[in-house]
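Participant: The listed protein sequences derive, respectively, from chains A and B.
Note that numbering that gives the first Met the number 0 has the first sequence beginning at 0, numbered continuously upward.
Note that numbering that gives the first Met the number 0 has the second sequence beginning at 0, numbered continuously upward.
In case anyone wonders, no lab produced these hints; they're calculated from the structure.
Please read all numbers here as calculations on a predicted model, not as lab measurements.
Certain hints may be false.
DSS-like mimics (lysine-lysine), calculated; alpha carbons at most 25 Å apart, straight line [claimed, not checked]:
1. B:Lys213 / A:Lys168
2. A:Lys310 / B:Lys168
3. B:Lys55 / A:Lys213
4. A:Lys55 / B:Lys55
5. B:Lys213 / A:Lys310
6. B:Lys238 / B:Lys55
Some residues of chain A that are not near chain B, with every Cβ distance over 12 Å (derived) [stated by the list, open to error]:
7. Ala21
8. Gly28
9. Gly32
10. Asp92
11. Ser131
12. Ser176
13. Ala208
14. Ile240
15. Ala406
16. Lys443
17. Glu466
18. Arg469
Just so it is clear, CB atoms sit at the ideal spot from N, CA and C, and this is done for glycine as well.
Protein chains: 2
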Amino acid sequence: MTYRAPITDILNTLRTVAPDGAFDEDLWGMIVGEAGKVAGDRLAPVNQSGDAVGAKLGESGVVVPEVYRDAYAAIREGGWMGLPFPEAFGGQDLPRVLALTVLEMFQAANLALGLAPLLSLGSIEALLAHGSPEQQAMYLPRLISGEWTGTMNLTEPQAGSDVGALKTKAVPNDDGSFAISGQKIYITWGEHNLADNIIHLVLARLPDAPPGTKGVSLFVCPRRLVNTDGSLGETNAVKCIGLENKIGIHGSPTCVMEYDGAKAWLVGEPNRGMAAMFTMMNSARVNVGVQGVGIADAAYQAALAYARDRKQGSSPGVDGMAPIVRHPDVQRMLLSMRAKALASRAICYACAAAADAVEMGDASAQAREDLLTPLAKAYGTDVGVEAAGLGVQVHGGMGFMNETLAAQLFRDARIGPIYEGTNGIQAIDLVGRKLATDGGEAMKALLGEVERSAEAARASNDAALAEAGRRLVAAVAAVGAATDWMLQAFKADRSKALYAATRYQAEASVVVGVHFLLQMAMQAAERGASEAGEYAQLAAFLAVEDLFDGDLAAVLEASALSAGAMGDSLVAG
Amino acid sequence: MTYRAPITDILNTLRTVAPDGAFDEDLWGMIVGEAGKVAGDRLAPVNQSGDAVGAKLGESGVVVPEVYRDAYAAIREGGWMGLPFPEAFGGQDLPRVLALTVLEMFQAANLALGLAPLLSLGSIEALLAHGSPEQQAMYLPRLISGEWTGTMNLTEPQAGSDVGALKTKAVPNDDGSFAISGQKIYITWGEHNLADNIIHLVLARLPDAPPGTKGVSLFVCPRRLVNTDGSLGETNAVKCIGLENKIGIHGSPTCVMEYDGAKAWLVGEPNRGMAAMFTMMNSARVNVGVQGVGIADAAYQAALAYARDRKQGSSPGVDGMAPIVRHPDVQRMLLSMRAKALASRAICYACAAAADAVEMGDASAQAREDLLTPLAKAYGTDVGVEAAGLGVQVHGGMGFMNETLAAQLFRDARIGPIYEGTNGIQAIDLVGRKLATDGGEAMKALLGEVERSAEAARASNDAALAEAGRRLVAAVAAVGAATDWMLQAFKADRSKALYAATRYQAEASVVVGVHFLLQMAMQAAERGASEAGEYAQLAAFLAVEDLFDGDLAAVLEASALSAGAMGDSLVAG
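The shape of chain A in the complex, shown without the other chains (with noise of 0.2 Å):
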């Protein structure tokens, strides 16, 4: 059993989600199409391998597992890197929402391998906002089309969440080049050797460069020098010193980055590196929400296929012992691994959509994908995380052993809630952030979309419909008193609003993901399409399972006193 990409399900939410006037049938459709393959036939065969053998740390550098070579030279291969960029850089102009896609497919065919690509996309994006034009004309092409890769280089034992603590520093050289010299960790392929070279992005700070995040300048640092005529010269002084032992993504190297002097050149304006990562947080975080998604519906994918394949017990209407499929615990789990999937790609592509339809000259969707990016991140890996759980109980035993891909599945999965800003800092920057800083206007706006399309599905005819419609309109109605409530106790007291953020940010994103997939099923069932009925019956299966019934508003206050009211007996030793 690999993993095979779900092009209807993906095309289907395209339709959804994308821009007025973007989604292109037969286009979309043939891209997706090959992603799929390339994620099916080339990537997800050589998963479970890969995670067998891992990345080491040898005499000559990090090796990444052989079988890894012929996969990545399918992404490089396919161009699959450069859908999003510039055609000047050798991009191909697309949409996000469509790489987004490949992304997904990818990820979710071998998330060790897929973090390569991923990791180069930030630096792409950084040079592309941020980089000279000198900068751009010598990294960006052999980036894109995936000669070279890219890290991304921002902690340190001491920062971690808090970038700003950082203390690598670039000293100036004479020829207007700097000398980084610090250590940095959980650099995701930071050295590897599948490229010929590895342009490392680095957060350092100037020798006179103000404390905390104000202090903080982006680099470019090539792991070899790069001469003028673009033939690759001396090797930098970078180099990992050291692999972390994970749960999971065994295939793709942590790496302890020693800086010893390393030559470098800055990126954009002194002290500004923080405003350089944060044009990039939101495709970043995006991308790793995806990754949740894409364990989900492989997750997904194993359990189906060994529930349908395990015998065990005996079900009514077969003879001798049933697969267990047929057993409704198992039907179960199988259904709330299915719904989350499509619910969280939706809440996935609809963010990336939204910063396609900035780019198309739709400026007010910028606060669309600004707020649906916190709900993105958290809630797909969320849902990863979970779902790889139920396909390990799925699987009873034999998911507990390593040699199943459910098992790979649920160690890969946990990483997705830490990395990128954990899902406690995707809560704290919806609440903090994207609803203080307009006033609950964005989110009331998706709200009354939500809202409109519960309202139409309670409507319907149609039974699973009209279930999942008359639930959503009071679950609904719930997260729009509870985003009053956080409104007015983040102004009266932050920290009352961020001890029930999380909490909010889950509801919240049960009700949009709900949406999306009633947007699926009634758009479906308009146009004929033969998914229109499950899809409905999937969304009031969530529904049910998953959308707050209840005071949400109230929940909150209570559960912050209650956690407000313990707070100080935690912090006292």
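Following the hints, complete the assembly by docking chain B onto the known chain A.
Facilitator: Here is chain B on its own, set in the frame of chain A:
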């Protein structure tokens, strides 16, 4: 940071749930305290080192981490295996609930090693209940002393949850013994180098056995044959031919066992092996439930210590970077871990206490033990997985690194919901056997208790108690109505009931857990104990976070209908 046994919590829980008059503060306090020292000082320090080494299968058989030798000696030398067993065989005739506290602490400190005594307990119980006097005399003293260990051999590749599908054969020898041939899988501590002998309890089929569970017999099969003078004779034809590579519990050898005409003796009546298994199932399940409790507690301790130590970001009233324990979202996670550990512990202990009540002559407590068993197993292990996940999350990036205890606990915890009957099977047992057998009488009696403590708490002057009580009054009514729905559904349409069984089990567990926490809080207040306030607040927190607030029966009905409508689409390839 290593595990410290939560002596005060354990004793407070015992005080609340022990059979009337059984709690002996001095004796029990001494025993819990001493066992806690063994757990903290001897077992916990080798938890991570044992995990890093893992069990290995070499030329001369299975070798477990050498650091376990001293730790296992501490268990053996302290006589800790013998607590609940008859003095006649070297035991101490102490209550089961007290023995359960010891098991919790040992498994919290070191789950992989703690599984060795756990499996021995199962063998001892089987032989106590069904062994002949000769078998008891031959095996029990040295199993109870810990000189030998025991195993349970049920599972075969085609026979997991469906034990009746097993194929291992038992052919009579001329001397009254039997020759066992076949392969057993997932045999925990099936072979190791910490004890002189291993006593296998094996399910197999006699030549003339009827098919299914009615043709399964139980045998005792020592690894080394025992001479009539008690000395060890030749090695039996049973050995480990493979070790599983698992997500966690790496130090615990999970063996593929090959029986090649191994000499064994029938335990109990022919073809009554399943019944023999059932007699020990309750205690085995609560023993696994308490693993989850222990993991949750250990994860809480590790996360709290890390959160107090790790500095990131700022907090009002703190100069410079603040420890992350000051962040509201981190506090929320810690409180959730602690509240659930307490609630699930109380359910597990209450289950064992009911078994003690039966032994003390209260036959009516049997139905209570039977009812609490699936809740103890499923809720305990679910809490273990959830709390271990939160523990990883509190650690951020460090939590994904195998060097942290948090990461190990996350990996170790995942087996809990799978073995000793998956949690889905617990739900089937709860609904199909425990509720259906007595028409819900035992459940209604339990919910009556819950209702009384909810009413008492609601009437309290203490705000936290009143809040928890108010919510529990509503939730217990909802679970009561859901119980009626479930009884009705099980009669009318079994599969409908089974779609909703897991959700029902989960909601019932929270209701019972909050009830016990409230009892602990109110009793602590009565005797002026300083824990009263914290327990009340944790009860309120758990009530707000986890109690279902709405019409549960309607949700179960809708959920079952929704899942049922899609079931066939999953079955069809």
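Participant: Hint by hint, note whether the structure agrees.
Facilitator: Hints and how they fare:
| no. | hint | result |
| --- | --- | --- |
| 1 | B:Lys213 / A:Lys168 | 74 Å, violated |
| 2 | A:Lys310 / B:Lys168 | 21 Å, holds |
| 3 | B:Lys55 / A:Lys213 | 53 Å, violated |
| 4 | A:Lys55 / B:Lys55 | 22 Å, holds |
| 5 | B:Lys213 / A:Lys310 | 19 Å, holds |
| 6 | B:Lys238 / B:Lys55 | 14 Å, holds |
| 7 | Ala21 | 31 Å, holds |
| 8 | Gly28 | 24 Å, holds |
| 9 | Gly32 | 22 Å, holds |
| 10 | Asp92 | 35 Å, holds |
| 11 | Ser131 | 32 Å, holds |
| 12 | Ser176 | 30 Å, holds |
| 13 | Ala208 | 18 Å, holds |
| 14 | Ile240 | 16 Å, holds |
| 15 | Ala406 | 5 Å, violated |
| 16 | Lys443 | 24 Å, holds |
| 17 | Glu466 | 7 Å, violated |
| 18 | Arg469 | 10 Å, violated |
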